[in-house]
Structure formats: structure tokens, C-alpha cells
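Reading the sequence shown from the start, the letters are residues 1 to 138 in this note's numbering.
Calculated directly from the structure, the hints in this document are not laboratory data.
Yeah, the Cβ is synthetic: ideal placement off N, Cα and C, and Gly gets one too.
Please note that the accuracy of each hint is not assured.
27 angstroms max Cα-Cα, derived DSSO-like pairs, lysine-lysine [stated by the list, open to error]: (1) K70 / K54; (2) K21 / K54; (3) K17 / K54; (4) K70 / K21; (5) K70 / K17.
Each pair of labels, with its calculated beta carbon distance range [unchecked claim]: (6) N71 / E29: 17 to 25 angstroms; (7) N2 / P53: 19 to 27 angstroms; (8) W44 / A10: 14 to 22 angstroms; (9) L55 / A80: 17 to 25 angstroms; (10) L55 / R6: 16 to 24 angstroms; (11) N18 / H59: 16 to 24 angstroms.
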Amino acid sequence: MNEFMRGIYASDVFIEKNTAKRLSEGAREFIRAYIFLASRSYEWGQFMFPLFPKLHALHEIVFLMNRQAKNANYAFNCAANSCSMDEDFIGRTAAVCRSVSPRLVPLRTIQRYLCHINMAWSEDAEDLKPIRGKKRKR
């Protein structure tokens, strides 16, 4: 699964046939192994591998990539439709949730993000200013 995730995030919008086959086969093997472990743990009365609906969605995505790789020279990269949230927001959003009304969390999160971007741009702008009347090198 790691290879699949690394592969789709490192690739372009269209993945070459051989790469797409390799990635999709690896992901399919992960799905098969997970389902096997889920069925075995169920038989033993230990519910350790729940079958989430997202597993089915992953199977559909992998199946589509594999089919495209078999029928064409390129397959569409499913990560092109991904909308991953920046990991940096996880801790920051939790801190905002504890300090403001629940209705204001989205607004405050975006406001703080914009403040951080503005500060970063301001710091970059400081680097671009000439130092004590000297012209900067280009």
C-alpha cells in the first residue's frame, strides 16, 4: 500500500502503463490480504480488521487503474482527484476548536492560515529589500 500511495503522489496526471500495472497490482494484493485477515479474525471471534466502505472505494479505484493500464498506454492518476488536507492543519485546527465557538472554527482556521501566509510573504519581502541603500544582485 505504501508503494501505491508513494507512486500515485510521485507521478504525473497520466501514469505509464507498466507503472500503473505495478501500482494497481500492489494495491490489489493489499486488499486481498486485508480481506483474508478480516475473514480469519472473524472466524476466530476476534474482530480486528473491520471492512470499511472505503476499502470498497479503494478497490474500485485500483480496478479502474488496472483496466486502463491494460487497455491503453497510460492510466489516469487517481491522485489528480485527491483533495488531501495539509497535515499542518491537524494540530492547528484542534487548537482553534478549543479556543473558539464551534460555529467559528472554519472561519478562524482560514483566518489564521491567511495570517501565516501573510507573515511568510512579509518575511520573503524583507529578504528582497535592498540593504542600507545597496542594490541587490540579480
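Hint check results:
no. : hint                          : result
1   : K70 / K54                     : 24 angstroms, holds
2   : K21 / K54                     : 21 angstroms, holds
3   : K17 / K54                     : 25 angstroms, holds
4   : K70 / K21                     : 8 angstroms, holds
5   : K70 / K17                     : 7 angstroms, holds
6   : N71 / E29: 17 to 25 angstroms : 21 angstroms, holds
7   : N2 / P53: 19 to 27 angstroms  : 22 angstroms, holds
8   : W44 / A10: 14 to 22 angstroms : 38 angstroms, violated
9   : L55 / A80: 17 to 25 angstroms : 21 angstroms, holds
10  : L55 / R6: 16 to 24 angstroms  : 20 angstroms, holds
11  : N18 / H59: 16 to 24 angstroms : 21 angstroms, holds
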